[in-house]
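Produce the entire structure from the sequences given, and follow the hints as far as they go.
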Amino acid sequence: NAGVTQTPKFQVLKTGQSMTLQCAQDMNHEYMSWYRQDPGMGLRLIHYSVGAGITDQGEVPNGYNVSRSTTEDFPLRLLSAAPSQTSVYFCASRITDNQNTEAFFGQGTRLTVV
Amino acid sequence: ILNVEQSPQSLHVQEGDSTNFTCSFPSSNFYALHWYRWETAKSPEALFVMTLNGDEKKKGRISATLNTKEGYSYLYIKGSQPEDSATYLCASNSGGGADGLTFGKGTHLIIQP
Chain A
1 NAGVTQTPKF QVLKTGQSMT LQCAQDMNHE YMSWYRQDPG MGLRLIHYSV GAGITDQGEV
61 PNGYNVSRST TEDFPLRLLS AAPSQTSVYF CASRITDNQN TEAFFGQGTR LTVV
Chain B
1 ILNVEQSPQS LHVQEGDSTN FTCSFPSSNF YALHWYRWET AKSPEALFVM TLNGDEKKKG
61 RISATLNTKE GYSYLYIKGS QPEDSATYLC ASNSGGGADG LTFGKGTHLI IQP
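Chains A and B, in that order, give the protein sequences.
Quick note: my numbering has the first sequence finishing at residue 114, numbered continuously throughout.
Quick note: my numbering has the second sequence finishing at residue 113, numbered continuously throughout.
Source of the hints: derived by calculation from the structure; they are not laboratory data.
The beta carbon of each residue, even a glycine, is placed where N, CA and C say it ideally should be.
Relax, there's no trap hidden among the hints.
Simulated crosslink set (DSS-like; lysine-lysine; CA at most 27 Å straight-line): (1) 58(B) <-> 42(B); (2) 59(B) <-> 42(B); (3) 9(A) <-> 42(B); (4) 105(B) <-> 9(A).
Chain A is faced by these chain B residues, among others (derived, beta-carbon under 8 Å): (5) 4; (6) 31; (7) 32; (8) 43; (9) 46; (10) 49; (11) 93; (12) 101; (13) 103; (14) 104.
Label pairs and their calculated CB-CB ranges: (15) 57(B) <-> 80(A): 42 to 48 Å; (16) 16(B) <-> 83(A): 43 to 49 Å; (17) 70(B) <-> 69(A): 40 to 46 Å; (18) 70(B) <-> 110(A): 36 to 42 Å; (19) 84(A) <-> 10(B): 22 to 28 Å; (20) 16(B) <-> 67(A): 47 to 53 Å; (21) 56(B) <-> 83(A): 44 to 50 Å; (22) 102(A) <-> 83(B): 17 to 23 Å.
Right, dumping it as structure tokens:
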């Protein structure tokens, strides 16, 4: 059982480049989300989705887009990378959007924007 | 946006000693409190999800309590082992909405042999 799979694990971008961070889960979870982890800060929510075709903004959505065309996949797009987006990104899924269900995290993507 | 606070920020404990640390959160509109264990180079893994005031949960040597009226949760580790070294995250939310969990900054626990 693969759980939540993120690719790539590491990425270096130049300022202004675009890229997509991939996230896939094989647990048939309805709820998926993206967080970023920065030094000295807790995980901060970027975007989330409660099901295929539905997405919404979290705490820090600027500079990122998401889509949810299937239950399994929830890619995160950086439209024009900025140094402020240097961070570790985590994708997480839950079986439903009910807040008493545990989150399953991917291994993370370490992104550096130069 | 909730304010979830964890203390201490870091903690050094001798192997074999017991320890505990705190998560505080707004008690109004409380819905759930999560604890996660995050080892270096791995992804966070759920330890407990608690919803009821007075809840106590246990997994091996690790246990947690919840006080929703005063807005705090304690995580206890009994007889610390080197493999307990990790960052422990708590997260909470308000109102049961779908807008995600708010995480604390974590307590970084180091067990010294």
